[in-house]
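Those protein sequence lines, which keep their order, are chains A and B.
End of the first sequence sits at 170 in this note's numbering; the numbers just go up one at a time, nothing left out.
End of the second sequence sits at 670 in this note's numbering; the numbers just go up one at a time, nothing left out.
Don't read these hints as lab results, they were simulated from the structure.
Values in this document were obtained by computation on a predicted structure and should not be read as measured data.
Please note: incorrect hints may appear among the correct ones.
[To be verified] Taking CB as the label site, the calculated pair distances span:
#: 1; chain 1: B; residue 1: Q514; chain 2: A; residue 2: V154; range: 29 to 35 Å
#: 2; chain 1: B; residue 1: E366; chain 2: A; residue 2: I90; range: 45 to 51 Å
#: 3; chain 1: B; residue 1: P641; chain 2: A; residue 2: S46; range: 46 to 52 Å
#: 4; chain 1: B; residue 1: R579; chain 2: A; residue 2: A166; range: 41 to 47 Å
#: 5; chain 1: A; residue 1: V36; chain 2: B; residue 2: V651; range: 28 to 34 Å
#: 6; chain 1: A; residue 1: L139; chain 2: B; residue 2: G313; range: 57 to 63 Å
#: 7; chain 1: B; residue 1: T178; chain 2: A; residue 2: R132; range: 55 to 61 Å
#: 8; chain 1: B; residue 1: G660; chain 2: A; residue 2: L51; range: 52 to 58 Å
[To be verified] From the derived model, a few chain B residues whose C-beta atoms are all more than 12 Å from chain A:
#: 9; residue: T178
#: 10; residue: G512
#: 11; residue: V542
#: 12; residue: Y573
Yeah, the Cβ is synthetic: ideal placement off N, Cα and C, and Gly gets one too.
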Amino acid sequence: MGHKRIRPDAIRIETMTKRFPFGELVVPAAMLVFVVAYWRQAYGLSFEARLFPTALTIALLCLVAVIVFKLFRQAPSVEDADSAEASPRIFTFGRIAVVLVPGLLLSVWTVLGGIVFTAATTFAVALALGERRPLLLILLPLGMALGLHVIFSVVLHARIPHGLTAGLLG
Amino acid sequence: MEFLAHLTDGFEAAFTLHAAGFVLLGTFLGIIVGATPGLSSGMAVAVLLPLTFTMDSLTGLIFLTSVYVAVTYGGAITAIMLNTPGAPENAATALDGHALTRLGQSGRALGAAIAASALGGLLSYFLMLFGIGSVAQVALTFGPTEIFLIALSGVMVLGAVGTGSPTKILASGMFGLLIGTIGIVPTGEWRATFGEPFLADGMQIVPVLIGMFVVAELLMLAGRSTVVDADIEVNRSVGAIFSGLGEALRMPVTLLRSAFIGMGVGLIPAAGATLAAFSSYSVARRFSKEPETYGKGSTEGIVAAESANNACSGGALTVSLVLGVPGSVTTAVILGALTMQGLQPGPMMVVQQPTLVYGLIIAAILSQPAMVLFAVLAGNAMSRALTVSTRVLVPVLLILSIYGTFALRNAMFDVWMMLGFGVLGYFMKRYDYSPAAVVMGVMLASITDSELIRTMQIFGHDWYLAFFQRPVSLVILIILVASLARAAFGHRRRRTSDAE
Chain A
1 MGHKRIRPDA IRIETMTKRF PFGELVVPAA MLVFVVAYWR QAYGLSFEAR
51 LFPTALTIAL LCLVAVIVFK LFRQAPSVED ADSAEASPRI FTFGRIAVVL
101 VPGLLLSVWT VLGGIVFTAA TTFAVALALG ERRPLLLILL PLGMALGLHV
151 IFSVVLHARI PHGLTAGLLG
Chain B
171 MEFLAHLTDG FEAAFTLHAA GFVLLGTFLG IIVGATPGLS SGMAVAVLLP
221 LTFTMDSLTG LIFLTSVYVA VTYGGAITAI MLNTPGAPEN AATALDGHAL
271 TRLGQSGRAL GAAIAASALG GLLSYFLMLF GIGSVAQVAL TFGPTEIFLI
321 ALSGVMVLGA VGTGSPTKIL ASGMFGLLIG TIGIVPTGEW RATFGEPFLA
371 DGMQIVPVLI GMFVVAELLM LAGRSTVVDA DIEVNRSVGA IFSGLGEALR
421 MPVTLLRSAF IGMGVGLIPA AGATLAAFSS YSVARRFSKE PETYGKGSTE
471 GIVAAESANN ACSGGALTVS LVLGVPGSVT TAVILGALTM QGLQPGPMMV
521 VQQPTLVYGL IIAAILSQPA MVLFAVLAGN AMSRALTVST RVLVPVLLIL
571 SIYGTFALRN AMFDVWMMLG FGVLGYFMKR YDYSPAAVVM GVMLASITDS
621 ELIRTMQIFG HDWYLAFFQR PVSLVILIIL VASLARAAFG HRRRRTSDAE
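Using the sequences plus the hints, can you model the full thing?
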């Protein structure tokens, strides 16, 4: 039984992947969704009120068409698996946490109050990004909460809700 | 005589202990933020903008202008020390600055950068002090067609001078302009407010710029453990810094030429300090007696780049105040601060608010020696803090962004908008779109829209002919079309040569 000989270029072909850069479509898609939503609201306006947005919309749609056309002409790109791995990932746990943690806690902003929100968000985001030093995980949220309370509530008179700390702050 | 009276009022307003304190604070914070890679000048001013909400107009503007002046120099520290420009405008400085650091002469490079930054800035603001009145007089002759085209060029020029794809940058600008048209129209109609009362006043600039500049950048940083890896041994003795200072002063021609280039580029809406620094660097290299030393540690190269990028700020601020059209992304934020204070930038501002305008320029002049002082005394310590962990930086700046946005109107709606723009800005940065063009578009939409409506009201049915019949607007139109065509063909040529 002779061993099946594998050519080096065949190995290389196996490590190459055909990828369509779907991430590239996020921004054009967001632009198109906005345009549709905008004109659902604005189609009944007077000529003066519609002229500038109409010109902008036509220009934007033409530019988006050019971008998408270029994208499809170049794609699907054949990438080396190694280089694909080397490019940084769009979604990492840390990035998702940076948006999701404040998003979730902001939805209960009035209940938590500014101080608790600040401490909880700072702690959770730092932890999600990989901070493990206990002293820093205690002092940073506390320092931020108290510092920002003084700057924004006391100095800048922003109406930050007291929430859970209402009794504490009177 | 009138000019002297305005100058005296400006001096009286700026030469107070209160104002001097904010000049020092702004300069100090500007250098720190500028020295942190990833935190651009626009981001620095955006993050500190909420602190001005309760200040009076002049103090708030003095504070933000001092940050703006210092942040460009701060970016030079990292460019020289770590080959990591604090902001794009410091990229040209890194070419020779870091080469000197590798030769163990970082102090000399820092000294040259300090002197060039301060002198470029000083010259630019002195020109602004004596020239802004005349520029305002010229601007007063502009009609709605001219202002419409200049405002539109603020977005278009970004596509023409940017290093990325002109198509993507222009699409970003158009998208920003369309977002900026939300709100009540000059005709009195409500346009695309989605039934949301918070949008009746139009799209607020603070959530857009904090989202696009700060949150998007934080999402980029969240993928790294430290902002920058700094393992380089550096020599930053004060003696070496003074040696660099002296060396820069012995190059008056380069200093002056670069400052004029910087000021000139700054006067072009949205052209920005990056273009100024690279243009000046190329010109200096062409006229240099030792062009072969460029890129290998030429102090002349550092002087050319730093003098121009700081001088650019004076030109950009002049355009912003006189025309109400941002000269750069950072001045767009300062314009946002002006409008939040209830002030209307434009040629009439120089006539009606001379104390504010001249006080602001004098404060910018005062911030130059303050910048030199901080740079020499504290530059060392600041550059040591560059390896700050993103695990600390990201949550701190994120919370500051949330509070800063909320404090604008005490509205959670603005915070949600900021987060939304942050995520969009992240994807835009990731795929080479331009968040800066979106911000410029949102800023400029109301002025372009209202000037277009004014054009229609003044010129009637044949309103579009006004753009061709008025000589100034025709010239602006030709320049605009030519620069766009050049950008498109230039980009195509670059891609073809890259493919070959």
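Taking the hints in turn, this is what the structure says about them:
Checking the proposed 29 to 35 Å range against B/Q514 and A/V154 shows it holds: the Cβ atoms sit about 32 Å from each other. Between B/E366 and A/I90 the beta carbons are some 30 Å apart, a value that contradicts the proposed interval 45 to 51 Å. At roughly 31 Å, the beta-carbon separation of B/P641 and A/S46 lies outside the given 46 to 52 Å, and the hint is violated. The beta-carbon spacing between B/R579 and A/A166, approximately 22 Å, falls outside the hinted interval of 41 to 47 Å.
Against the hinted window of 28 to 34 Å, the Cβ-Cβ separation of A/V36 and B/V651 comes to about 30 Å, which satisfies the hint. A C-beta distance of roughly 59 Å is found between A/L139 and B/G313, which places it inside the suggested range of 57 to 63 Å. Distance hint check: the CB atoms of B/T178 and A/R132 are about 59 Å apart, consistent with the given range 55 to 61 Å. At about 31 Å, the beta-carbon gap between B/G660 and A/L51 misses the expected band of 52 to 58 Å.
Even its closest Cβ contact with chain A, about 32 Å, leaves B/T178 beyond 12 Å, as expected for a residue assigned away from the interface. At roughly 17 Å, the least C-beta separation between B/G512 and chain A is larger than 12 Å, which holds for a residue marked as non-interface. No Cβ of chain A comes within 12 Å of the Cβ of B/V542; the nearest lies about 29 Å off, and the non-interface call holds. Once the 12 Å rule is applied to beta carbons, B/Y573 is inconsistent with being away from chain A; the minimum gap is 5 Å.
When each numbered hint is compared with the structure, violations occur for hints 2, 3, 4, 8, 12.
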